[in-house]
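Each chain, written out:
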Amino acid sequence: MKRFPISQITLENVSFAYEGAGSVFSGLCHTFTPHDILFLQGPRGSGKNTLLRLLLGLEVPTAGQYLINGVAVNQLGHDEFTPFRLNIGYASDIGGLINNHTLYENFRLLLDYHDVGDPAERFDFIGGLFERFDLGGVKQLRPAFVSSTARKAAAVLRAFALRPEVLILDNPTQGMSAEHIPVLVDLIREHRTQHGLKYVIVSSDDLALLDLLGGRVARVTPQELRISPSLRSTGT
Amino acid sequence: MLEAMDALGKFTLDYYRSFRDLFIFVYLSFRDVIRRGPRNLRPILFTIVSQIYFTGHQALPLITFLALASGSIIVLQSTAQLSLLGSQEMMGKILVVTIIRELGPLLTAFTVIARSGTAVATELGSMQVNREIEALRTLSIEPLGFVVFPRIFGGVVSLVGLAFYFNCIALVGGFFVSNLVSELSFSFFIEVLAQAIAPEDFILNVLKNGASGLIIFSIAAFQGLKVKGAPHEVPIATTRAVVNSIMAVVAFNLSVSVYFFTKAFA
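Protein chains in written order, with my numbering: chain C, 196 to 431; chain Z, 143 to 408.
Don't read these hints as lab results, they were simulated from the structure. Positions of the beta carbon are idealized from the N, C-alpha and C atoms, including for glycine. Take these hints with a grain of salt, some might be off.
[Claimed, not checked] Computed Cβ-Cβ distance ranges for the label pairs, DEER-style:
#, chain 1, residue 1, chain 2, residue 2, range
1, Z, Q200, C, A212, 45 to 51 Å
2, Z, D148, C, R239, 29 to 35 Å
3, Z, L322, C, I289, 41 to 47 Å
4, Z, Y169, C, P229, 55 to 61 Å
5, Z, D148, C, A267, 41 to 47 Å
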């Protein structure tokens with residue numbers, strides 16, 4: 196399966212409202228800057244989760260456009276969006292692992308289904324990810340039979356399986372073991388420097404993660420993302 | 143009067159919309175697999191085999207029991223009644239009509255609804271609650287082709303196989319059980335049966351059971367995926383899947399029977 200490089204992500208006058216509920220965004224405009232780490236923050240109901248869902252193509256703007264490389268995503272069909280989507284790694288805040296597959300099969304499914312790259316090299320890469328998070332001993336178990344911290348780590352790790360250019364993490368440290376957090380930070384840095392990761396968008400109020408990883412805080416409002424002018428920390 | 147007309151109109155429209163949505167749902171699940179071609183088969187093969195194992199293989203003890211019991215009752219009753227009339231040669235026809243054409247497909251379908259239709263609706267509903275379906279979408283894996291198609295396909299294969307097994311056990315097993323209480327020669331039994339069975343019965347049986355499988359698993363998957371995200375919706379979806387499947391399977395079998403009955407008389 197072909198993957199298209201992602202060079203520009205833009206929200207152009209995006210409005211969105213859930214059916215039967217009030218508007219979440221009205222005329223939201225933002226162009227995401229490459230090589231930036233963005234921490235989405237805001238009170239409950241401010242639209243952080245909805246913004247992530249819009250970026251993933253799980254929701255379609257009620258007005259305005261979500262553009263990748265200048266192409267309006269809401270006008271793309273499933274097949275047309277797939278080459279872009281395969282370059283977007285995502286981990287949700289809860290759940291997300293396929294329960295009738297082992298942790299390893301959850302990763303393997305992605306590679307088998309999309310037939311991306313050299314299988315042997317990909318499987319070595321996945322094996323390395325498991326070892327790095329000390330999950331080698333449980334990778335052949337189904338999610339229900341491992342600890343919640345191992346499940347969380349596996350769910351977050353899966354976002355890296357295809358070495359994406361865009362990484363979207365929803366509360367990645369919520370429920371994650373304390374010793375996994377620095378490993379995750381190293382993994383993100385490594386992917387930025389060695390594997391072409393361009394955009395990192397994290398929805399999290401975890402200031403410790405922000406300090407470790409570095410990045411800018413973006414306050415989510417219905418019209419804009421208010422980006423803090425300076426980097427929070429010295430993360431690369 | 144007007145309220146009754148309104149209610150009837152609403153019922154008809156709801157029924158039409160549900161049928162249309164279900165048809166599109168099944169079409170898209172098959173379309174996704176055909177569109178992706180052979181490269182899609184490997185990831186879904188495991189689910190197809192599992193579905194056949196759970197729906198077909200694991201149902202064999204229950205189907206054996208049901209087939210033996212219903213086959214025995216029908217063979218016993220028909221032997222008793224027909225010997226009173228002195229027309230035992232009619233038994234073959236009665237067995238073919240009652241077991242192969244009517245009872246076999248219906249009892250097998252009810253068993254599959256109870257065991258596997260409920261399981262599929264619950265499993266898919268739980269997948270929605272656990273956000274597994276959403277995760278598949280974020281991985282660009284189309285749930286209709288990856289989750290729904292293998293369950294429908296595996297279910298159809300299982301139901302056709304189970305119905306064939308039911309017929310064999312009901313007829314042969316029924317004879318042996320009834321032979322314990324009445325004297326009926328096996329050669330006579332086989333002879334009247336062979337005379338009564340036509341090649342169309344096999345074709346009709348496969349089509350009828352295949353269609354029932356399609357109905358049961360489409361409805362179960364459809365209802366399961368209608369769960370929005372709250373755990374309490376799962377049992378509601380399962381109950382709806384069972385009720386709708388029973389009604390649809392009975393209506394379908396009745397329609398086929400009426401069609402062939404009227405055709406035979408014409």
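Here is what the structure says about each hint:
{"no.": "1", "hint": "Z:Q200 with C:A212: 45 to 51 Å", "verdict": "holds, 47 Å"}
{"no.": "2", "hint": "Z:D148 with C:R239: 29 to 35 Å", "verdict": "violated, 42 Å"}
{"no.": "3", "hint": "Z:L322 with C:I289: 41 to 47 Å", "verdict": "violated, 60 Å"}
{"no.": "4", "hint": "Z:Y169 with C:P229: 55 to 61 Å", "verdict": "violated, 41 Å"}
{"no.": "5", "hint": "Z:D148 with C:A267: 41 to 47 Å", "verdict": "holds, 42 Å"}
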